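J.: This is what each chain is made of:
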Amino acid sequence: MDVDNSQRRMAAYMRDHQDKVVDRWTELVVAGLRGRSSAAEVRRELEDLYSLVTRSMSGSDEPAAGEQAMGELRAALTELSRSRARNGFTPSETALGMFALKDAVYELVADSADLVPDYLAFSRVVDDLGLHTFETYAAAREQIIADQAEAMLELSTPVVRLWDGIIAVPLVGTLDSARTQLVMEKLLETLVATGADHAVLDITGVPTVDTEVAQHLLKTVSAARLLGAECIVSGIRPQVAQTIVSLGIEFGDIATKATLADALAHALRSTGQKVGPA
Amino acid sequence: MERVPILKIGTTLFVSIQIDLQDESVMRLQEDLAEELAATGARGVIIDITAVEIVDSFIGRMLAMIGSISRLFDAETVLVGMRPAVAITLTELGLSLRGVRTALNAEKGLALLNGSA
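As you go down the protein sequences, you meet chains E and X in turn.
Residue numbers for the first sequence follow our numbering, beginning at 1 and rising by one.
Residue numbers for the second sequence follow our numbering, beginning at 1001 and rising by one.
Where hints are given, some of them may not hold.
Said to hold, decoys possible - Subject to a maximum C-alpha distance of 27 Å in a straight line, what follows is the list of computed DSSO-like cross-link-like pairs (lysine-lysine):
1) K186/E to K1008/X
2) K1108/X to K257/E
3) K1108/X to K1008/X
To be clear, the hints were calculated from the coordinates, so they are not data collected in a lab.
Every value quoted in this text rests on a predicted model; they were computed, and no experiment measured them.
Next comes chain X alone, as it looks inside the complex (with noise of 0.2 Å):
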C-alpha cells in the first residue's frame, strides 16, 4: 500500500496527493495525520488533489472526515486545486463537503489560512 507523505511548514501541515486513491491509503492517510496534528500542534491542513482524477463516495466522505477530525484538534482544513470533473462527480453524489474550505491552488488555499489565522 502507497503512503501519502505529509509535509510540515511553519504551523500548517501540507499533503499533496500524488497517487490514485485506494481506501486504504486514505485510511491510512487520516491516522497519519491525527497523529501528526496531535504532535505538532499545527493551526491549518492543505491537501493538495490536483492530481486526483477519480472519486467515490467513500473517498469524498473520508475527505470530510478529515475536515472534522482537524476541527478538532482547532486546526483548519483547505482542500485544494480539485478538478472540475472530481467537482462535478461529488456534487452528484450529494457531497458537498460543508466542513472543508476549498480554494482553486495551493498558493490561494495557504492565503485562505493565514487570513482566517
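In isolation and in its complexed conformation, chain E is listed as follows (with noise of 0.2 Å):
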C-alpha cells in the first residue's frame, strides 16, 4: 500500500501549497494556449481540476469519496477535451492542459529529496489523466468528422424539377452505396409525389466513372423504371465517355447526352411538349 500512501502524502502537500502550484499552472497553460483563452478564465478551470486531483488522491481515507472524485475528475476532463477539440486546438495543446501540472508540481518539490517517491505515484496519476484527455480529445474529433459527413450526405443529394414531369437528380461528389441509397430513395419519393415521368440523372460532379458507379446507376434507373419513369443520364465527359468504353461499361437501352440541356430537350421531344421562341 505504498502507493497509496505516497499518493495521500502528496495530495497533502499539494493542498498546503495549492495557490502556488494552481499560478504557475495556469501561467504554463496560457503561455501553451498562446492567448486562446483569458488567465482568469483557466485559472477558474484549473482550479476546480486542481480540487479534484488532490480529492482523488486522497482517496484511500474513504475509498468511496477517492472514487467519486476521480469520477467527476474524469467527466470535467471529458468536457474540456471535447470543447478544446471542437474550439481546434491541437492534440499537444489540449493535452499540455493536463501535463503542465507535472512540471508545476516539479518546479516546488524538485528540492526535497524525501518527495521523490511521491512525485512519481503523483506523476503516474497524471499520466492516466492525460491520456484520458487525449482518448476523450480524438473520440470528439472523430464525432465531428462522422457529423459532417453526414451533413454533406444530406445536402449532397438535391431531387430539382425541371419542367412538367421532368425531375433532375443533379449528383456532386462520389457516388458509394450509401449515396445511391440515398439518392435512389428520395428520386423515386419525388417521382411518386410529383407524378413526373422523366428524370435525369446529371453526373457532371461525379469525379470518376467506374463499374462500381456505374452499377449504382444502373440500379437507380432501373428503379426508376419499375415505377413507370424513364430516366436520362446526362452530364457525361469525354473522360468519363473513354472511361466508361474502356472498361467494357454498358448503358445498354438508357439514354445518355452530353449536356443537362441536351436531355431536357430529349425528355421534353418524348412528352411531346414544345419550348419556342414567346
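Put the two chains together into one complex, using the hints given.
T.: Put into C-alpha cells, the structure is as follows:
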C-alpha cells in the first residue's frame, strides 16, 4: 500500500501549496494556449480540476469519496477536451493542460529528495489523466468528422423539378452505395409525389465513373423504370466517356446525353412538349 | 385464401391488389387472369399495386410471368402505382421486370395502353 500512502502524502502536500501550484500551472497553460483563453478563465477551470485531483488522490482514507472524485475529475476532463476539440485546439495543446501540472508541482518538490517517491506516484496519476484527455479529444474529433460526413450526404442530394413531368438529380461527388441508396430513395419519392415520368441523372459533378458507380447508376435507373419513369443520364465528359468504353460498361437502352440541356430537350420531345420563342 | 377481383373495363382488364400478397393468391390470380384473357379477348391488363407494401422474389417473378402470359394472348400488361420501397427491393433482388411495362398511376397506365393500341 506504499503507492496509496505516497499519493495521500502528495495530496496533503499539494493542498498546502495550492495557490502556488495553481498560479504556476495557470501560467504554463496560458503560455501554451497562445492567448486563446484569458488567464482568469483558465485559472477558474484549473482550480476546479486541482481540487478534484487532490481529492481523488487522498482517496485511500475514504475509498468511496476518492472514487467519486475520480469520476467527477474524468467527467470534467472529458468536457474540457471535447470543447477544446470543437474549438480547433491541437492535440498537444489539449494534453498540455494536464501535463503542465506535473511541471508546476515538480518545480516545488525538486529540492526535497524525500518527496521523490511521492512525486512519482503523483506523476502516474497525471499520466493516466493525460491519456484520458487525449482519448476523449480523439473521440470528439471523430464525432465531428462523422457529423460532417452525414451533413454532406444530406446536402449533396437535391432533386429538382425541371419542367412539367421532368425532374433532375444533379449528382456531385463520389457515388458510393450509401449515397446511391439515398439518391434512389429521394428520386423515387419525388417521382411518386410529383407524378413526373422523366428523370435526368446529371453526373457532371461525379469525378470518376468506374464499374461500381455505373452499377449504382443502372440500379437507380431500373428502380425508376419499375415506377414507370424513364431515366436519362447526362453530363458525360469526354474522359468519362473514354473510361466507360474502355471498361466495357454497357448502359444498354438508357439514353445518355452530353449536357443537361440535351437531356431536357430529349425529355421534352418524348413527352410531346414544345418550347419555342415567345 | 383471399381472391383478387378482376374487372373488365372496355378491352382492358383491371386488377387492383388490395391485400397482403400470399404466394397462393398470386398463383390463383395468374390462373384467373389467364382464363379471363381467353374468355374476353382483352387487349390490355392493368395491375394496380399501390397498396402492396411487401414483395419477395417469388411475387416479383410471378408478376413478370403474368406479363409473359398476357403477351401470349396479345395483351399488354402495365404495372401501376409501385411504391419506392417496393421498387428498391425488386432492384436489389435483380428483378427488373423486362416484359412488363410500368406507369406511375392507373391514369397513366390507361393512357399507355390506349396510346399503344
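J.: Run every hint past the structure and note whether it holds.
T.: Here is what the structure says about each hint:
With a C-alpha separation of about 35 Å, the suggested pair K186/E and K1008/X falls outside the 27 Å cut-off, and the hint is violated. A hinted pair counts as satisfied when its Cα atoms are at most 27 Å apart, and K1108/X with K257/E qualifies at roughly 26 Å. With a CA separation close to 18 Å, the supplied pair K1108/X and K1008/X stays within the 27 Å bound.
Violated hint for the displayed structure: number 1, the only one.
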